[in-house]
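Colleague: Same order as they appear, the protein sequences are chains A and B.
For the first sequence, the residue numbers in my numbering are 1 to 343.
For the second sequence, the residue numbers in my numbering are 1001 to 1343.
Because the hints were derived from the structure by calculation, they are not lab data.
For clarity, every value in this text was computed on a predicted model and none was experimentally measured.
Note that CB positions come from ideal geometry on N, CA and C, so glycine has one too.
Keep in mind that a hint or two might mislead.
Taking lysine to aspartate or glutamate and the EDC-like style, the derived pairs with C-alpha atoms no more than 20 Å apart in a straight line are [to be verified]:
{"#": "1", "chain 1": "B", "residue 1": "LYS1282", "chain 2": "A", "residue 2": "GLU322"}
{"#": "2", "chain 1": "A", "residue 1": "LYS282", "chain 2": "A", "residue 2": "GLU193"}
{"#": "3", "chain 1": "B", "residue 1": "LYS1188", "chain 2": "A", "residue 2": "ASP19"}
{"#": "4", "chain 1": "A", "residue 1": "LYS282", "chain 2": "A", "residue 2": "ASP51"}
{"#": "5", "chain 1": "A", "residue 1": "LYS223", "chain 2": "A", "residue 2": "ASP261"}
{"#": "6", "chain 1": "B", "residue 1": "LYS1282", "chain 2": "A", "residue 2": "ASP261"}
{"#": "7", "chain 1": "B", "residue 1": "LYS1085", "chain 2": "B", "residue 2": "GLU1144"}
{"#": "8", "chain 1": "B", "residue 1": "LYS1282", "chain 2": "A", "residue 2": "ASP37"}
{"#": "9", "chain 1": "B", "residue 1": "LYS1085", "chain 2": "B", "residue 2": "GLU1193"}
{"#": "10", "chain 1": "A", "residue 1": "LYS85", "chain 2": "A", "residue 2": "ASP37"}
{"#": "11", "chain 1": "A", "residue 1": "LYS282", "chain 2": "B", "residue 2": "GLU1320"}
{"#": "12", "chain 1": "B", "residue 1": "LYS1282", "chain 2": "B", "residue 2": "ASP1019"}
{"#": "13", "chain 1": "A", "residue 1": "LYS188", "chain 2": "B", "residue 2": "GLU1318"}
{"#": "14", "chain 1": "A", "residue 1": "LYS85", "chain 2": "A", "residue 2": "GLU9"}
{"#": "15", "chain 1": "B", "residue 1": "LYS1282", "chain 2": "B", "residue 2": "GLU1193"}
{"#": "16", "chain 1": "A", "residue 1": "LYS85", "chain 2": "A", "residue 2": "ASP19"}
{"#": "17", "chain 1": "A", "residue 1": "LYS85", "chain 2": "A", "residue 2": "ASP261"}
{"#": "18", "chain 1": "B", "residue 1": "LYS1085", "chain 2": "B", "residue 2": "GLU1318"}
{"#": "19", "chain 1": "B", "residue 1": "LYS1085", "chain 2": "B", "residue 2": "GLU1013"}
{"#": "20", "chain 1": "B", "residue 1": "LYS1085", "chain 2": "B", "residue 2": "ASP1037"}
{"#": "21", "chain 1": "B", "residue 1": "LYS1223", "chain 2": "B", "residue 2": "ASP1261"}
{"#": "22", "chain 1": "A", "residue 1": "LYS282", "chain 2": "B", "residue 2": "GLU1193"}
{"#": "23", "chain 1": "B", "residue 1": "LYS1223", "chain 2": "A", "residue 2": "GLU193"}
{"#": "24", "chain 1": "A", "residue 1": "LYS223", "chain 2": "B", "residue 2": "ASP1051"}
{"#": "25", "chain 1": "B", "residue 1": "LYS1085", "chain 2": "B", "residue 2": "ASP1149"}
{"#": "26", "chain 1": "A", "residue 1": "LYS282", "chain 2": "B", "residue 2": "ASP1019"}
{"#": "27", "chain 1": "A", "residue 1": "LYS85", "chain 2": "A", "residue 2": "GLU31"}
{"#": "28", "chain 1": "A", "residue 1": "LYS85", "chain 2": "A", "residue 2": "ASP51"}
Among chain B residues calculated to face chain A with C-beta under 10 Å, some are [unchecked claim]:
{"#": "29", "residue": "MET1078"}
{"#": "30", "residue": "ARG1082"}
{"#": "31", "residue": "GLN1302"}
{"#": "32", "residue": "ALA1332"}
Calculated from the model, a selection of chain A residues having no Cβ within reach of chain B, i.e. all distances over 12 Å [said to hold, decoys possible]:
{"#": "33", "residue": "GLU13"}
{"#": "34", "residue": "TYR56"}
{"#": "35", "residue": "SER69"}
{"#": "36", "residue": "ARG82"}
{"#": "37", "residue": "GLU138"}
{"#": "38", "residue": "SER183"}
{"#": "39", "residue": "LYS188"}
{"#": "40", "residue": "ARG189"}
There are 2 protein chains.
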Amino acid sequence: PRPPRLPLEQWVERVRAGDRNALSRAITLMESTRPADRIEAQRFLDRIMPDTGRAYRIGLTGTPGAGKSTLIESWGQMLINRGHKVAVLAVDPSSWRSGGSLLGDKTRMPGLAASPHAYIRPSPSARTLGGVGAKTRETLLLCEAAGFDVVVVETVGVGQSEAVVAELTDTLVVLLIAGAGDSLQGIKRGVLELADVLVINKADGDNLSRARQAAAQLRAAVKLLHPPPADADNISDRPGADGVWLPPVLTLSAATGTGLDEFWATLQHHRHYLNQQGRLEKLRAGQAVRWMWSMVREGLNQYLQNHPRARQVAHQVEVEVEQGRLTPNAAATAILAAAGLTP
Amino acid sequence: PRPPRLPLEQWVERVRAGDRNALSRAITLMESTRPADRIEAQRFLDRIMPDTGRAYRIGLTGTPGAGKSTLIESWGQMLINRGHKVAVLAVDPSSWRSGGSLLGDKTRMPGLAASPHAYIRPSPSARTLGGVGAKTRETLLLCEAAGFDVVVVETVGVGQSEAVVAELTDTLVVLLIAGAGDSLQGIKRGVLELADVLVINKADGDNLSRARQAAAQLRAAVKLLHPPPADADNISDRPGADGVWLPPVLTLSAATGTGLDEFWATLQHHRHYLNQQGRLEKLRAGQAVRWMWSMVREGLNQYLQNHPRARQVAHQVEVEVEQGRLTPNAAATAILAAAGLTP
């Protein structure tokens, strides 16, 4: 049986003091769907909001086999040795479907899991209200309030989870490995749009030259596909310069640690870039507002789903639209009318 | 003063017979926001739905200066000489903003505009309900019912207009030109995700070798960034083969006509690819259903916009979210509650 909850003020204080147990239970509170819990969760967040926003928020995406766990394990320990406090969160679309968690396993990162300066939070094992990653933002804020100054949000990049992580973080790292021939393993359509830093892992042993070749090709593709906007004076992946961030392509070996220093230095460059000209404030404010509207859309979808008549009409007209017997506009009008929401 | 409207049955018959005047007035009916017109428009569409779906629907996107008008003018006349009937529609985000139309000018394509086998429809000059391109689907259906067997939907690719056109058409052509150095002019983030055929225009005169070099580089980038899905046996940009479509990269000169034959042959290849294994039916059914849901979302947004209390709360909480004083989830809950739409 769980110990009884602390009064809110005390609980908030313990999280602020970095108490891991209090933090874990606060995250569980955020994930709860019970109405009373949701009210308390909101009160909790209201208290900690002034303590949030201080961490460097880093997204990490890569298919299974790209080496995410190995990278986080060695990189995380490097950060701890340099005095950072590191939280690792997962946005896991598969746990949302299956009820189990691929990413949440602390045994993937035993060294990090054993450190008092790291906090690993498995992704919620049940479906949470509001879709994939819905409560990750709150979890991230709690970790910031608890004093973690580097928060890594990782995902396998299934469905829209990469885009979700990009909207939660300051820097999105895409982890890839060289494939057969000229190809890259783990690259997904649209990922170049989102990536701030591209990393080719497993650049070691027999694989080294393949990894370097893949990096050169990817670098050329990035350059070709990142047109300078009309108003940019120049493009730079280095700090101090104005202009647009051109995603750098790195190689490293998470297993041997080669390239980790340069990797961290590159992230620092991106952070420095964001800290210029109010970019970080603008980025985070935009993310928060877009997140708000996506939650509104989720809520409206939920409303339609819970409206028996609208749901019934939707099922019916969807088939007619699929078969080309009804125009999408007419079908949409029918669904809205059934829900009593005609604009 | 306009002539009075025909009775519906006669009007529908004239459109079916290819009467351009009847077609133009039917499109205007679709774009009308008057409630009585909207009811008649729906009745009109119900009648013509069995005559729709027969055209090859081609999207064309490219920035101003890429040569869209020149291409459509020469390519369109080639198609007419081969016995096709060609309709050209525009999805123009700038007309939606300014009330004027960039793309609708028939003087851009004088030869095509003079042909009885072509129909050029300027984009609606006023904002239409439902956002950019909201009534283009209906216009396209009317053109199909009027016997046009090739429908080209063009856009400058501002904002989301490329994605809108991709959702309306079978094949999306992206028109580019070689830029300075290694670059491409007119390429936009995310466009490789949407493109079925990539064309580098102005491959003529002094520009020829630059265009060819840009094409080679783009081809390499496309190959690198289009990973074969796990279940694909092979990748092909040629007809007859199974597997996944790898967007081919062509060069042509719309001004001299060089490469137009190969361009049209490539589009035919893509059409042939879509006609295999029920791909076209699946594509169009998916587009129609997604369009329906996007119209539902538009309607819900409209509902919130028209709801005074919800609009007021939204304005207020948006500022708090921007400033990091309120979480996006809490703000979304407040907006939904104000609209009486708590799920």
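Colleague: So, against the hints stated earlier in the document, which numbers end up violated here?
Modeller: 3, 5, 6, 8, 9, 10, 12, 13, 14, 18, 20, 21, 22, 24, 26, 27, 29, 30, 37, 38, 39, 40
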